[in-house]
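Start from the sequences, fold in the hints, and give me the full structure.
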Amino acid sequence: MGENIYDLTSKLAPFLDRHLVFPLMEFLSVQKTYDETDLRHARLDILSNTNMVDFAMDIFTTLYEGKEVSHELIEQRSKVVSQLNSFQEETDPIFKIFAEKEVQKQLQSSRDQQSLMNYLVENHGFRPEMLDTLYTFAKFQYECGNYSAAADYLYLYRGLVPVTDKNFVVSLWGKLASEILTQNWENALEDLNRLKEAIDSGASNSPLQVLQQRTWLIHWSLFVFFNHPKGRDLIIEMFLYQPSYLNAIQTMCPHVLRYLATAVIINKTSRRQAMRDLVRVIQQEMYAYADPITEFVANLYVDFDFDAAQEKLKQCATVLENDFFLVACQKDFIENARLMIFELFCRIHQCISINMLAEKLNMTPKDAEKWIVNLIRQAKLDAKIDSKEGHVVMGTQAVSPYQQLIDKTKNLSFRTQILIPLKGCCYTEE
Amino acid sequence: MSSRFFMSDSESESSSDSEEYNKEPVGISAFTFSDEEEDQKRIVRSAKEKRYEELNNIIKNIKNYKKNRDMSSLLTSNIYKSLCIFCSCLSFEDLCKAYQKALNVVKKEEGGKIPGFFLRCLVDLEDYINQVWEDKDGRFGSSHILFFLELLLVSCVGFKCVYVVIDLFLFIFNRKNMSKNNAKSLTTLRQKLRKYTRDFEEEIRLFRENPDAEDSDVEKDEVDEDDDDSVMDDDEPLGPAAFKKEPSIPKEEKKVVESESDLDSDESDWPSDSDETSSSSEDDRKIEGRTRETFLKKKVDDLEGEKTKKEKIRDKRKTKKEKGESDDDTKDGWQSVSKKAAIPREKPKMFGKDDEVTIPAVVKKLSEIMAARGKKGTDRKEQIELLHELFNIAKENTLGLPVQIKIQFNLIMSIYDYNPSVSDPMKVDFWEKILVKIDELLDMLAITPELAIGEHITEESESLEKPPYRVRGCVLTIVERMDEEFIKLLKACDAHSNEYVVRLRDEIQTCKIIDKLLQYEEEHGMPSDICRIYLRKIEHLYYKYDKKAAKQVKGELPEAEVTSLNEMDRLCKYIFVRDNTDRLRTRAVLCHIYHMSLHDKWYEARDLMLMAHLQETIQHSDLPTQILYNRTMVQLGLCAFRHGNVKEAHNALLDIQSGGRAKELLAQGLLPQRQYERTTEQEKQEKQRQIPFHQHINLEMLECVYLVSAMLIEIPYMAAHEFDARRRMISKSFHHQLKNSERQSLVGPPESMREHVVAASKAMRNGNWNLCRSLLLNDKMNAKVWDLFHEAEKVRLMLGRKIQEESLRTYLFTYSHVYDSISLVTLSEMFELPYGTVHAIISKLIINEEIMASLDEPTSCLVMHRTEPSSLQSLSLQLADKLYNLVENNERILDQKPFFSRGMQLLRRNLKSDCCSREAVTVIVRRPSGMKGERDEKTEETESEKGISLWDTKQLLYAGSLSFLFVYLPKSKSLRKCWGPSGDVIQAGPKRLKNFVYIFFFNEMLRSIWYLI
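Protein chains in written order, with the numbering used here: chain S, -16 to 413; chain X, 7 to 1019.
Rather than coming from a laboratory, the hints here were simulated on the basis of the structure. Warning: the hint list may mix true and false statements.
Said to hold, decoys possible - Selected chain S positions facing chain X (Cβ under 10 Å, derived; list incomplete): (1) E83; (2) D286; (3) E372; (4) M377; (5) Q387.
Claimed, not checked - Under the rule of at most 20 Å between Cα atoms (straight-line distance), these lysine-lysine pairs were calculated in the PhoX-like manner: (6) K850/X <-> K343/S; (7) K62/S <-> K79/S; (8) K786/X <-> K768/X; (9) K738/X <-> K653/X; (10) K543/X <-> K518/X; (11) K391/S <-> K888/X; (12) K653/X <-> K518/X; (13) K888/X <-> K393/S; (14) K494/X <-> K554/X.
Every residue, glycine too, gets a C-beta built ideally from N, C-alpha and C.
Shown next, in the form of structure tokens:
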């Protein structure tokens, strides 16, 4: 149980939809960090306001073995079923319309929702009120846990309502949740971007509302970013380099920094710059939020305290293991964190003993040596191993002033050469 | 003398009838005088006689003064005053002179014994001067006496004694109404007399002890003296023995009698007066006793008749006096009640005896009183009293609280009104009164919950009688005004005096009132009002250090405990949400930040500051808010410093400290202006903006913190960039201090705070951290600066550590070229830092490429790489940098290619369309003087047939050697005068050129121009 001080579920949950919390709950029960019955209670609570009565009943029976399922649940079930039937009757004509091949074609070809709407109204007896029906039905389906159906309906709905509609943004949220819950990451990312656009352009909302929505979006997007293959780049792009989202994180949910830090660490391509910015943010928010991952970054890049970083790295492993979003990238993280430490080491030192290095990297000396050899072979490291002393000797990085001067000027003359033809073209154009 | 003549003339003109009327008798007396003089000439006398006579004459004159004083105590004329004093001085001086002359004779004849008559004269003179001096009763005179005197004056010109007589009249009786000039004369006379009598002190004493003895002596010597010396010549014959025994009594009596009689009847006095003069002249002539007797007999009759008259008059006067007294009493009474005086006058009007005191009546009266408010002739004090009275009446008649509230409200307003000037503080007693009144008002409001008070309620819709009471008025405004007055009062006191402390005690009461109102408003008020009163509360709260809150921040107290921090949080958050005016919110934010900084909530304070985005907008707000912003920034900086965030501290304090105007920026005092003098108006305004003393931030501490922060940043930076040509200054004022100390030929041990910091900086430059620390952290500095922090010990520890770290950095920068390698262990011993810290610092230096070195892990050594360039190398590196910039610039130009080519195309199209392409594009290039320094202003006109020299010109423009570029647009064929920034007109070539487009060499400008084309 000692590990769950770093568990963020309780912090994340307020910003998530009921349905989105379920996967987290499932994960927690697998990890067994919390008491199983407590979790079941929590789940029952969550379900109480949804239409997933069957699911609730299941949990109820496991929770209170031998007890009768409460009347409320049974009543609710019959109510939900009758509602479902009536909705289906209502929506039947709508789906008939959309089932027609012509309409399908039109749907795919048409981009403008207004013309599409006109087309449907004129040719297929579609009534504008039907849209609302569609929307409520989608909501109902979602509440019932029928996410893929909800996603389909909302797709249709979105295609037909104008952007200014009051339900438009809500439908986007619904769509995103449905896509996440059906694990359709490609669509989810698309919806995410669409929603982001809608929020950013939402001038009518008060700043506070926008902030709230952004915070939700940040949390929801975690599902997408840590599951979508491109997500790890995108999360940095969105959280770190879009000031409005960074502000939202800093003010509302500094705990998201954990995911951001992890993403930066496991991102190989643009790490340096991102790391510098991340360190700045982490330093700023030190007082508000700290966990092993952010502390690891701070130790390494602020204090250059390798021993402490090493300690933190060990803690990080357990934290990652228990985090729903990060569990998948645990291996990546450890590998990259090691590399980071080593890289820093090499930049600072000209001679390192392998034993010490092994200790710092949390490896046996033999493994460490092998690891270093691999790095040298892959030309990632300019170094030689002195096996007599058991040292790694770095290649000299010092640059002589001559070299500096040449580097600087060589580049210049080249660039000026490029300019000449450009200038010339101005003349010749005449 | 001329004045005397003039005066007599002018007066005689004005009173010619009376002059004629009185002419004869005066003429007679004049003749008698002249006779006497003739007599004197004929008689041959000894020197002694001569001298004595002279003396006697003068003495007689002086005596006459006294008599005349009695006689003409009615005189009020101011014109005579200077004259009379002058003359009395003269006559006294005459006396002195005459005595001086007679001195030889006296010595000879009497063996140095001073003649008794002379002594007596002196004594009398002294007495009467004292009397006059002490006499404070003013007397009203009548013009008749004046006329008489004028007559005398006119007819007796030339007779000194008469002058003197007249002068003395005036002198004696105008003492009361004397102008300053006269008073002065009197003083001189008195002083002279005193000085003079000092010589005769002994004799005078003796004389005073035994005046009779002297008298008899004198009588033996001089028969005439008897008459003269027996002071009251007229009364003497009546009872000489009695009078001789007690000469002072009749004197006084006579005086009283005469003065009284004078007051009422001049005519009755007039004859007696003439008698006296004539009698005295008779004395002079030494008439036989017989004649004298007959004269006297007649006189006695006269006198007796007069006496009865006088007695009557005395009675009359007595009654009159009593009357006067009673008059005075009523007058006094009137004066003392004058504030209330109007009440008896108003009272019947307000509440005639039979009138019932009803609410409408009271309200009507109230509005009557208030109608006078602000009018020119209104007695503000009286108004206050009136209202006070009205309030009491309302209270006595139990008209209900609403009425009382209304009156109280108006009463408070009129007390505010009492002080006509807004900038001056109100009087202390009024202030104390108003505190009480407001307190009462709030209490009354608190116990009548069904009452609505507000500015939105009109006079018509007021309801004072029935329960949903409605009263017009704004309590909030009153309390706000009270708060402002309180600040004004404080500012008016000397901050270091006890007075200030006493006044400051009222803050408790002020806060109490604000709290009361706050409570009331929370229940009844609208959000905007609540915001206002909250802000008032906040402004009384934010600068105070709460020990409990500080403990809470440290976690020693539970979060739930109510401290000023929680309170601030609650109040401010309410304002953040509810306030519609930006000003309140801004002020609340600033106060909140200030308070949090004060209690070391650094992160929260910083975040709030960042989130509020005040930096961009603050210059648009009002001055007090800007001052508050400055104060907040300072406090934030201090907080950052306490937390060891030196850089943040420096940044926060930089703006305040950089101009050396911290005092002014924090509104803690006026700085003398160098360039121009303030007008009084400006000074007044500035004084109004000042912050009261108890809210001041210690400027020395502020400066010290700033300088120390600057030192910690600047010294390592200077060491690192010693050879850098482009080294910039981080802190100007710090450099200023350094330079100042370098300029001194002899630097003594540091005394002031600044000297300490400078000395510490020098020590740090050499890596001598121990000296540096001891220079900053010693008893002197503790007393001056560090002990002012709430957690002084913590700050000192932090500072000591910072000094160690920064010294290490400085040391490495400065001396790294001396080392080939250096052991980290040695460094950690040298700087008494833990190994880990040294390692971390050095690692950071290496990573940031601040030093060219790397660590050798097995030996834990820092190995230097010899890469520090020689001076030639560094110069060539700089050159390379500049070249780099040039190329960058060139590329930037090409980045604008879209614009450029578009412009060119347009231009070309224009060129083609215009047939006279020779003049198509005229580029005037002007090189302003002083740009390069060597060339004078010169105009180059470049005409190009093809108009394509533009590109080259533009290049020149970019290179910075040209200032403008003008392009003619042939198509529009319009010419506008173009002015260069230096003010000279750009001459257009041919007249047909009608349109210049003028370009600065800034990229942005250029861009817009190409759009124009």
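Hint consistency between K543/X and K518/X [alpha-carbon to alpha-carbon, up to 20 Å]: Measuring from Cα to Cα gives roughly 10 Å; hence the hint holds.
Interface restraint verdict for E372/S against chain X (beta-carbon cut-off 10 Å): Where the cut-off is 10 Å and the nearest Cβ of chain X is about 7 Å from E372/S, the hint holds.
Just to be careful, I want the Cα atoms of K738/X and K653/X compared with a cutoff of 20 Å; is the pair within it? holds (15 Å)
Hey, K653/X versus K518/X, does the alpha-carbon distance stay inside 20 Å? Cα-Cα ~41 Å, so violated.
Is it true that the CA of K391/S sits at most 20 Å from the CA of K888/X? holds (11 Å)
So, Q387/S near chain X? Judge it on the closest CB pair being under 10 Å. Because about 6 Å separates Q387/S from the closest Cβ in chain X, which is inside the 10 Å limit, the hint holds.
For the pair supplied as a hint, K888/X and K393/S, is the alpha-carbon distance within the 20 Å limit? Distance of about 14 Å is within 20 Å: holds.
Please work out if K786/X and K768/X have their alpha carbons no farther apart than 20 Å. holds (19 Å)
With chain X as the partner, please determine if E83/S meets the hint condition of a C-beta pair closer than 10 Å. This hint is violated: E83/S lies away from chain X, its Cβ roughly 49 Å from the closest one there, beyond 10 Å.
Just to be careful: measuring from the Cβ of D286/S to every Cβ in chain X, is the smallest value less than 10 Å? Hint holds; D286/S Cβ to chain X Cβ min 5 Å, cut 10 Å.
Let me know if the C-beta of M377/S comes in closer than 10 Å to any C-beta of chain X, holds or violated. holds (7 Å)
Run the distance test for K850/X versus K343/S: straight-line Cα separation, threshold 20 Å. Measuring from Cα to Cα gives roughly 18 Å; hence the hint holds.
Violated hints, listed in ascending order, are 1, 7, 12 and 14; each of the other numbered hints is respected by the structure.
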